[in-house]
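Undergrad: Each chain, letter by letter, is given below.
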Amino acid sequence: MTGSTAAVARWPGRDSALIAARQLRVLRLNPGRLIYPLVQPVVLLVLFVSVLGNLSVAHDAAAGAYRQFLIPGIFLQNAALTAPSTGLGILRDAASGLADRFRSLPMSRSAVLVGRLAGDAVVFAVQAILLLAVASVLGFRMRTGLPGMAATVLVTVSFGIAIAVVSAWLALLIGDAEAAERVLFFPAIAITFLSSAFAPAGELAGWIRPIARVNPVSAGADLVRSLAAGGPAAGPLILLGCWLAALVLIPGMLAVRRWRSPT
Amino acid sequence: MSDPIPTLVRPAIAVTGLAKSFGPVTALAGIDLTIGEGTLAALLGPNGAGKTTLVRILATLIRPDAGQARVLGFDVVTDAAQVRARIGLTGQYAGLDEAMTGRDNLLLIGQLAGLRHRQAAARAADLAEQFGLHGAAARLVRTYSGGMRRRLDLAASLMTRPPVLVLDEPTSGLDPASRQQLWAVLAQLRAGGTTMLLTTQYLEEADRFADIVHVLQHGVLIASGTVAQLKRRVAGSVVEIRLQDPQTAPAAGQVVAARLSLPAGAVRADTATGRLTVTVRADSSGADDLLAAAAALRDDSIGIADISLRQPSLDETFLALTAPAGIPA
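Just so you know, the sequences run in chain order A and B.
My numbering applies: residue 1 is where the first sequence begins, and numbers increase by one.
My numbering applies: residue 264 is where the second sequence begins, and numbers increase by one.
Hints are computed from structural coordinates only; laboratory data are not their basis.
Computed from a predicted model, the values in this text were never measured in an experiment.
Errors might be hidden in some of the hints.
[Claimed, not checked] Here are the computed distance ranges between Cβ atoms for each label pair: (1) 36/A x 288/B: 35 to 45 Å; (2) 395/B x 176/A: 28 to 38 Å; (3) 43/A x 340/B: 43 to 53 Å; (4) 326/B x 249/A: 19 to 29 Å; (5) 328/B x 179/A: 25 to 35 Å; (6) 258/A x 287/B: 20 to 30 Å; (7) 253/A x 356/B: 22 to 32 Å; (8) 389/B x 137/A: 50 to 60 Å.
In this text, a Cβ means the ideal position worked out from N, Cα and C, and glycines have one as well.
Work out the full structure: start from the sequences and follow the hints.
TA: What follows is the structure in structure tokens.
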């Protein structure tokens, strides 16, 4: 017997870091995979602002006021539209046999999800910084300066991760990559339209208003608006915090359990 | 069910009463199987026999409904972590990330299996060299041929030198040269004392390389032994008859089966070529059966152009083992 190499003491952090590093390694070796998460949001931002940026929502609004309102909504929308790639990536691994390989290794089983989310967080952060840069070129003003920008990145990244957790859970439930591709994007689009991302909740159709008032997209967009204006942020911050905790914990635990459980 | 195989060494894999169903489909219907340490065992069977299910249970990917499976003494359900630390899996689909290089894959899997970075890097370099992937280690796996993927996948399974290796159809879809290379690697591993269980649909392959063959069908282990033992046990000699008139083949088949008291499945009649292939009982003399068949056909005035006696081919042995009685294989 050649003697099997004894496993070093394992902690989930190391395995998660290895999985996250793999994510980033793949992006480095395949820069084409960055086109969707980086180029598309910029294109969407420019298009939305070009088409809608000069509208006057309120009659007494100053020129450019709607632009200032719309851009935070687009930040959140992009995070929601990027999140399904987490679930789809998990299914891609499952289809290739890599998921079986991971499950047969003496590794931490939550690491596959935690590590992937950590890798995706880097993508969300780069996306948010890029969007902020393009937005300021388009006339978006952040009155709270650099701390406000950092807080905006934090808000969009944590919102994106929360939705990514949900997408991971749904993807594992659906199991089939092709079906998941159709299913995962729909709720991501729906929640941005049922929110105050594009119009103040008070201006929306009556039946949407109650949904929009509790929607995490509204909370995130309103929080970024408050940061940009230097206004009070406690309300949206509390609502968003509750949502993030709920979305990360419940679907997160269900996703890990689904990943772990051998059939 | 299985022959008592004298196991002089302690079992690396011990399976008792193992059963698993997927909804209405029974994949494993209670099997007992012991594989001694250092043995290369082949699990042979047609598609849907339950081979992959057994491999996946041993690799802790799925749980059995009933029965027990132990790897080096550790239960695959209650001691799954211990089993994972000792077993290497090479599945039917390469467990690799195509968007990374070969070396990246080996490093990732080695480190996830518990190696430190430096150990993993050294081991990856050794394995790439040994598997003829040295020049390709820095290339994306996406650019690899099927044979290279298989070898890389196997190399990944070997990063931590697992004492037990399970391989699910490791040679399927490979060209003959890649198949030879893979078998050379497996022979090396066996020489190093690794216990291996591999599934295959090729009896010839099992015959040439495995120490022992277990034949699985419909979730039941129907035979175990060396290929020579299996041949002796299940299929006797083959009497081959060429008829003067090919049209008489079906009638001739019935006559011969009746005279030799064989099930219909033991006689294959081909009206296109006028050829009868008769697999006689393992315990009877082939020569007597040949004479009896010739006499039966003469009695019925069925003309024989040629008649001969030969050993069964491997395919015939496999078919004889797995064909349901009464249905011509």
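Undergrad: Give a verdict on every hint.
TA: Each hint tested on the structure:
Take residue 36/A and residue 288/B: their Cβ atoms lie about 39 Å apart, and the range 35 to 45 Å holds. Between residue 395/B and residue 176/A the beta carbon distance is about 36 Å. The supplied range of 28 to 38 Å therefore holds. A hinted range of 43 to 53 Å holds for the C-beta pair residue 43/A and residue 340/B, which are about 51 Å apart. Taking the beta carbon of each, residue 326/B and residue 249/A are about 27 Å apart, inside 19 to 29 Å as hinted.
A hinted range of 25 to 35 Å for the beta carbons of residue 328/B and residue 179/A is consistent with their spacing of about 28 Å. In this structure, residue 258/A and residue 287/B meet the distance hint of 20 to 30 Å, their C-beta atoms being roughly 23 Å apart. Range check, residue 253/A to residue 356/B: Cβ separation about 29 Å, and the 22 to 32 Å hint holds. Checking the proposed 50 to 60 Å range against residue 389/B and residue 137/A shows it holds: the Cβ atoms sit about 52 Å from each other.
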